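Student: I would like the entire structure built from these sequences, with the hints used as guidance.
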Amino acid sequence: MEDLILELKSEIIKALNLEEISPNDIGDDDPLFGDGLGLDSIDALELIVLMEKNYGIKLTDPSQGRDIFRSVRIMAEYIQANRTK
Amino acid sequence: MLSIKQYSYISPKHACSLPPKAKIACAEGVDLLNLYRSLGLDYPKFFKMDVLSKLGILAAELLLAGEERGEAEAMEDRSIACFNRSASLDADIAYAKTIQPQDFYPSPSLFVYTLPSIVTGEIAIRHRLRGETSFYVTREWDAEFVVETVRQIFAVGASRSVVAAWLECEEDRFEAFMMLVGDDGDGLKFSTDIANSLITDLRLH
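Sequences listed follow chains P and D, in order.
Its first residue numbered 1, the first sequence is counted upward by one per residue in my numbering.
Its first residue numbered 1001, the second sequence is counted upward by one per residue in my numbering.
Rather than coming from a laboratory, the hints here were simulated on the basis of the structure.
Every value quoted in this text rests on a predicted model; they were computed, and no experiment measured them.
Dumping the calculated BS3-like pairs for lysine-lysine here, alpha-carbon to alpha-carbon at most 25 Å:
id : chain 1 : residue 1 : chain 2 : residue 2
1  : D       : K1097     : P       : K85
2  : D       : K1097     : P       : K53
3  : P       : K14       : P       : K53
4  : D       : K1097     : P       : K14
5  : D       : K1048     : P       : K53
6  : P       : K14       : D       : K1045
7  : P       : K58       : D       : K1097
8  : P       : K14       : D       : K1048
9  : P       : K53       : D       : K1045
Tutor: The structure is reproduced here in structure tokens:
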């Protein structure tokens, strides 16, 4: 799980062009939206693409993202339980 | 009488603003990311932008940084008119790469920049400019068209100043020539000849 969390942090930084942020700057339980990394709705869509492209998880209902993208740890747990690649 | 109050220029060769308003008056050998850093900007959204919007944001920073305005003060009477040759071609190509039949993962963050006029919105948001925004695609830099278009914006009567810019980028080539045009007669005369003369000198620098 720890490896997946670290991998996910790097993938999020790359996918969302968080140029001046390193994986160490993202806490495992930090909120990704709102006060956390300050991501916006376009970033949420980009995370949905990332889930499908990297882990074969297709979120058919974008509102699911609200729960799944609460933190990197929650995202990693969801990926581990549902990944197809 | 309309006048050019100040202007900025960015190309891979150099970046400058006259009169110098930002922390950097003139830089040689320009890389957009380095220019962002040398200007001391703290605007994380910059990194998410396409090259056209980055270019517009930096040119506007060179042009408008240091203006004596309250932090939250918006300008209802300042408009933006941008011009270029390649529209949003770079962003279009980048997005197209994400929708190949064999590798179909459309990128929302690339898609949002597949319109050249997005840069006018980015500048307006950053500098709280609430006048008209417009973007025109022409075959090449056309001072006559730029001057006439800006005059038309003033003629409507809602603008006291206009940020007018040539913002061209294609692959690793880019050029921004941005003018702040005002209606108080303070500055260089806003004319086809002067605009042509300025951009010619800046290109030859």
